[in-house]
Amino acid sequence: MGIIKSSNFYDLNVHTLPDYADSPSRMILEAKYMGYSGICLTSINTANTFHGTDITMPTPRDFEIYTGIEIQADNLSKLNKYINRSMNKVDIITVSGGDEDINRGAVENGRVDILAHPASRGKPLNHVLSKAAADNGVAIDFNIDALIRHRGGSRVRILSAIRQNARLARKFDAPMVITSNARSHYDLRGPREMMALGMLMGMTQEEALHALSTVPGSIINRNRNNNRIMDGVEVVQ
Amino acid sequence: MKILPPTLRESNRYLAISVTSEGDIPRRDLVNEILFCAATLHGDAGSSEMGIRLLSFEENKGIIQCRMDRVWETRAVLATVTSIKGMRTRIKVLGVSGTVRGATEKYLLTQDINEPEPERKRTQTIKESRMIIDVGTISGEVVNRNNNEIDLLSEDPHSLEILNRSNTRYFGITVFDIKDKEIDV
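If you read the sequences in order, they're chains A and B.
Residues in the first sequence are numbered consecutively from 1, following the working numbering.
Residues in the second sequence are numbered consecutively from 1, following the working numbering.
The following block holds chain B by itself, in its conformation from the complex (with noise of 0.2 Å):
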């Protein structure tokens, strides 16, 4: 069978994209959420419009594939992703392109040079030592650091009581909140 001709074809969109998140996401899961977004958001006419795709997805980051006269609908999409099998998660489009390589070469192989932001690696995971800190107002264990940022989980009723409200597993806090303890991870 003959391919479809090169005019005839859909014109696409790649997004390339960053998930922070409270754990772990599975490719899977992601792609079913995306999707589950979409369809809330626009319908199942308006997402079959989109043509939303996962094409890669690793390491926390991946490009998505949309039409090309509907990327402000995708990235509405994506922004209302707000958690994933309960885990608080957050998409952020790093760039648009036309082709999967520009997407890939621009945003998610290089580094902008004006701005020197430290590589977003996985986040580390302590199990060994136990590390009580605190910070003023709230004291907690340390569960997730990724350079300057911390987790921290605290269970303490007034601690549980904020984190119920902002609807977060893990205090957010930052190795500057330490006062006077250094913290080796």
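With the rest of the complex left out, here is chain A (with noise of 0.2 Å):
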């Protein structure tokens, strides 16, 4: 347990308003409340805008706020130019995945960091994105708002899809997030209870507690200090 303790734990996706119910500062508060080092407030809406979150608190003391924008986009062209007209405006770029087309254009597109639950449709990812994801270093999405929000036979659908993804990621060493993908501060879990819905989709503890700490301290370290020279070509040291 002493590795959980030490660990520092962020969520990648959360929204606010003006998109969803909860204002960024409360989300921040509650986020803290749960046990979080950061959290990264995306904005999310169908204009792919992003809106600069004017955050009217102080910062709490040993938290990081990041900004995102989850671009949802039906073509693949489309895609690409929300990707380009977002770039170096936020930290962290990810795409609303689910259709096939999209997921295997965010996985191809190394500018993304994160393809958000790419299974939402109950489609599960191939052997082909995977490995595309893990050499472009896009973080795969495993939602646990897929698990929370649905049951029954929709929950068992993408459960079974998410299961696989989770074992391709596995076998082609592609990186897996955990997020909250949270619409109101109801929908936040504590660390914990996420690497528990993590490992109820296919991960093992400790690629939970991955997941959750040190993938998305890695795509932030990458995305803040500048270290990415152009696609898959970043200064590690």
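The hints are simulated quantities; they were obtained by calculation from the structure and are not laboratory data.
Note that the structure is a prediction, hence the values are computed from the model and not measured.
Where a beta carbon is used, it is the ideal one built from N, C-alpha and C, also for glycine.
Do not take every clue at face value.
[Unchecked claim] Quick look at which bits of chain A chain B covers, simulated, 3 or more residues with Cβ under 8 Å: (1) 26 to 39; (2) 125 to 137; (3) 180 to 190.
Given two chains presented individually in distinct reference frames, assemble the corresponding complex, making use of the accompanying hints.
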């Protein structure tokens, strides 16, 4: 248990006003209470515009706030357009997955940081996409809201697709992250609860721990310190 | 009749929990919801192995018993509780201990010294004075106030659409969001 206690946890996909019902400062307070070291406030809207989050409160001690955008697109050319437009504006670029074409476009674009809920339509990734995700450093998202928001048949379908994703990600060594995809502070869960759900999704305890701490940490590090030279090339030391 | 000797008893863990909700949750509804979630997530056979029991529940804090080797599964079950009787609910596990006394003393009575987290009291319900506040994009009536955190009820169509999307009843804001207006509760 020592290693869990000494880890810093991050939740990289949390939605706030004006898209969803909680203000950024409320979300930050709640996330701090749940035991996180940082969260990413992700804009999500049909126009795919990033509305700068002006946080009206002093940042809590030992807490980091990142900005992001979750891009929703219905075809590849629009997806790439939105990705190019959002670059250098946000810390973390997330693509809203589910559609097979969009999943492929996201994992093949090295500027994307996270492919969010790739299994939301019940279709798992395949070996080609998992390998591309590993090569381009695009993290595959395991969103716990699939488990807490759905019940019955749809949950079964999504969960079995997610398990397949976990198996392939392990095989090809693609980065995995666990996010809450929270739409209000009632959707936030503590880090250990997220790990428990990650273990239900077919991860080992160790993988679940890394998916909440070191993997998000390295994504942030890579983007914040401008270590990225070009797609797939970054300064490690 | 003789009681089962200690060596033959199941060994248990005790989870201290704290419940956040849009309204007051009676003990019975909480128990039913947790057991229902256990049954939907792990099935009847799986939940019988976990041995979940709610031992005490007062002032939105309680203790849950489960089998020693099923703590992770129990955490997953508690994480899937999203609403009780139509009110959005969130359960946070404060900590796990090997005895009821340990869980109570470590997690329910004392406060963490490292993090001076203000004590979470039951949210006050404001009935007498209607308070309307304006937070830039939304405005509405204060429903609950808990230290810096405010729940806001708003009924204009645009706000209702956002609330619907988020599946909540109230907007969650803080005192920091309110511009140049002081409110007292």
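Could you check the structure against the hints above and give me the numbers of any it violates, in ascending order? The structure breaks only hint 2.
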